[in-house]
Amino acid sequence: MANFETPELKEYTVVPLPMPGVMAHSSPFVAKPDHQAQLGFPGELVDNWQEVAIKKLGELTQKYRSLQVYLDSCVKCGACTDKCHYYLGTSDPKNMPVARQDLLRKVYRRYYTFAGKYFPKLVGAEELTKDVLDDWYAYYHQCSQCRRCSVFCPYGIDTAEISMAAREIMDAVGKGQKYCNEIIGKVFKIGNNLGLPEPALRDTLSDLEEEVEDDTGVAVRFPLDEKGAEILLVTPSADFFAEPHVDGLIGYGKVFHQSGVSWTISSHASEAANFGMFIGSYENMRDVSMRIREAALELGVKRIVFGECGHAWRVAYSFLNTLAGPFDFLDPRYPVPQHICEFTYDLIQRGALKLDKSANDDKVVTYHDSCNVARASRMGNMPGGQFFIPRAILKAVCNNFHDMSPDTIHENTYCCGGGGGLLTDDLMELRVKGALPRMEALKRVVDEYGVTHMAAICAICKSQFTKVLPYYNFSMDTIVSVHQLVSEAIILGDHQ
Amino acid sequence: MSFLTVSYAALFYVATAWFIYGVGRKIYQYAKTPAPLKIPTTPAPTTATGVVMRMGREVVLFESLFKSNMWIWLFGWMFHFALLLVLMRHLRYFTDPVWSWVVLIQPFGKYAGFAMIAGLAGLWARRLLVARVRYITSPSDHLILALLMAIGLSGLGMKFVSHTDIISLKAFILGLMYADLQPIPTDGLLLVHLALVATLMIIFPISKLLHAPGLFFSPTRNQVDNPRERRHLAPWAAELETSRGR
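Keeping their order, the protein sequence lines are chains A and B. Here the first sequence stands for residues 1 to 496, numbered as in our numbering. Here the second sequence stands for residues 1 to 246, numbered as in our numbering.
Please keep in mind that the hints were generated in silico from the structure rather than gathered at the bench. A couple of the hints might just be wrong.
As the list claims (entries may be wrong) - In silico lysine to any residue, SDA-like type, Cα no more than 20 Å apart, as pairs:
1) A:121 to B:29
2) A:117 to B:32
3) A:56 to B:32
4) A:121 to B:206
5) A:56 to B:209
6) A:63 to B:134
7) A:117 to B:23
8) A:106 to B:32
9) A:56 to B:29
Stated by the list, open to error - Computed, partial: chain B to chain A, Cβ under 10 Å:
10) 29
11) 36
12) 45
13) 101
14) 141
15) 170
16) 173
17) 203
18) 232
Said to hold, decoys possible - Computed footprint of chain B on chain A; a stretch qualifies when at least three of its residues, placed anywhere within it, have a C-beta under 8 Å from a C-beta of chain B:
19) 77-88
20) 351-363
Yeah, the Cβ is synthetic: ideal placement off N, Cα and C, and Gly gets one too.
Using the sequences and the accompanying hints, generate a full structural model.
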């Protein structure tokens, strides 16, 4: 399986020369007919797929201003060509954002523009052939929708918008991706990405209660489906048992415990992630979001708080109110939804948490800004709160904190390499290579400041780094949850 | 009236009408296409005033490009602002009496032509020399550079090498504006210059030159970051609320 070479870590990220086609073989497994059917997509490639795809493309340009404007506006200036972690890690020029966009743009031009209809060669317009479709499938599944290119484009062209549209078109012709579509089906059927049914979830949470009580002597609760709780916690299902995610969940539990506010998880909405966004499907994204509204109504909560999850926080912060609002039945004194980091930060600000920083003295910590939190959302009421608040929490719970180089953090952050529906074993080569720029930045602070741990607030980042760090000779437990460090430092006791 | 005068007059009427229709049609299309989700690239302004400032910095300073790549920024910015100066300077051929601020910028506008050519040359050099940029370049990208370069060089030629009959030219242009045709000077350089400018106007609405109106409609740049405070429901998305029954 792992038939590839891990890139060598260089002292500074070097922009490689383009090597056409070196990642053309990298495609994820295609969705099976039943994965497709449960989302309302054709089971396999339809006979008149060209016609359907071209028509769908036209429809999407009428539904999304972003797509229409971005397909027209690119001037091929080259500003984005050295910005994508997948290009930097693979050298395949079709992983340069502009070239990735061009895979769709050349078809748009051929069928929907004057120049492309009459002078296709001149403007690089191309017919939609089977080869083009295969290229779409390969390279639109080599984009993690991290939006780094959109920061640097003079017109703000966001390749994520293009790859979402391309995936939506591929779903419409019956060529969906197994990983995403299977998972969305599980969310509809069972309630979460991992397919963890209610009884198993209940067991897991009560085990967690025992574990924390054994550990601390304090009965910290992890409630499920408790009507009348103040807060509904919506968190990625990986938090229920994956490492280091679960240590973050323990941290949220302790923070809630200390705050004295009642809370609950819902078995109906036991998943924060919304893979509907990855496949560009507004309808699926909306259906997944509606579960959260339904759970909040059914449980009669007053607030919704999201756990540590990157793309989930994008959908929650930027889209939830639009997709599943209005949330006028919730307490208007709090934003809907809130991020667990906002919740914890407020408590720290009010002096409501007793923290012993020295509990983390065995660690030197850095922070990985997760791409969708950094470039597609916010925390707090100031632009940039999404950078400031998690760091403020980290600095409140540990003594040793060092940031990575400025061109790799905040809005310049590199994706972990596994976001946007690519966190699947059939894309391992891509994931390892795509992590290169982050690994190089990490290496620098490891060498310079003796950094031992990298904290993150995204379930995908955590899973991806756990898997990828060893390829670069780092220990897999280098990656930690922000609330794991909170959990270490928090002193449990009577609420004031 | 000579055949040449009538041809050029017709060319400019057609090019202008096409330019206005084509760009207007695109602006209308961009404006009426919904943006169903809030997708500003964050950190983003939380107020409309903030968005105007952000857009202003993009339009005037090319802020994102500056963050991205010094060379492209340098050549791109030099070209665009030189072009702006040159265009403003050209207002003297469309106004009688010439507006006083146009008189004022005349010396700058005159030499801006050189900066324009230098910027274009820099951009073209990158297209040929940087392997990544060469990879994404289509023939049309070279042609547009060639067209702009030829417009600039023919213009500079008239200003600094072989003067054209500027009095007659102005009479011709004012004649076009007031539908009172005057003969066009039969100077080769001028005729080339004007034909290329008309070509540029004609290809504008059907080429990547649409980046000019496009920027203003880019949701990642023109949206206010307030999704938790305000719903942002597109008409087609609102229909789902009834059609999907929840």
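Here is how each hint holds up against the structure:
Under the criterion of a C-alpha separation no larger than 20 Å, the hint pairing residue 121 of chain A with residue 29 of chain B is inconsistent with the structure, at around 26 Å. Restraint check for residue 117 of chain A and residue 32 of chain B: the C-alpha separation of about 24 Å exceeds 20 Å, so the hint is violated. Only pairs whose Cα atoms come within 20 Å are accepted, and residue 56 of chain A paired with residue 32 of chain B is accepted, the gap being roughly 19 Å. The straight-line distance between the Cα atoms of residue 121 of chain A and residue 206 of chain B is roughly 15 Å, inside the 20 Å bound, and the hint therefore holds.
A distance of roughly 26 Å separates the Cα atoms of residue 56 of chain A and residue 209 of chain B; the hinted pair therefore is violated under the 20 Å criterion. Using a Cα cut-off of 20 Å, the hinted pair residue 63 of chain A and residue 134 of chain B is violated, with the two alpha carbons roughly 33 Å apart. The suggested pairing of residue 117 of chain A with residue 23 of chain B holds, with an alpha-carbon distance near 19 Å, which does not exceed 20 Å. Restraint check for residue 106 of chain A and residue 32 of chain B: not satisfied, since their Cα atoms lie roughly 24 Å apart, outside the 20 Å limit.
For the suggested pair residue 56 of chain A and residue 29 of chain B, the alpha carbons sit about 18 Å apart, so the restraint of at most 20 Å is met. Proximity of residue 29 of chain B to chain A holds as hinted, the smallest CB-CB distance being about 7 Å (cut-off 10 Å). The closest approach between the C-beta of residue 36 of chain B and any C-beta of chain A is roughly 6 Å, which is under the 10 Å cut-off, so the hint is satisfied. Given hint, residue 45 of chain B at the interface with chain A, holds; its Cβ is 7 Å from that chain's nearest Cβ, closer than 10 Å.
With its C-beta approaching chain A no nearer than about 28 Å, residue 101 of chain B sits outside the 10 Å limit, and its interface hint is violated. Hint status for residue 141 of chain B: holds, given a least beta-carbon distance of 5 Å to chain A, under 10 Å. Taken as an interface hint, residue 170 of chain B does not check out: its beta carbon lies about 33 Å from the nearest beta carbon of chain A, beyond 10 Å. About 28 Å separates the beta-carbon of residue 173 of chain B from the nearest beta-carbon of chain A, more than 10 Å, and the hint is not met.
Here the hint on residue 203 of chain B is kept, as its CB sits about 8 Å from the closest CB of chain A, short of 10 Å. This hint holds: residue 232 of chain B has a C-beta 5 Å from the nearest C-beta of chain A, less than the 10 Å allowed. Check result for the segment 77-88 of chain A against chain B: holds, 7 residues qualifying (beta carbon to beta carbon below 8 Å, three or more required). A count of 0 residues in the segment 351-363 of chain A with a Cβ less than 8 Å from any Cβ of chain B is obtained; the coverage claim is therefore unmet, three being the minimum.
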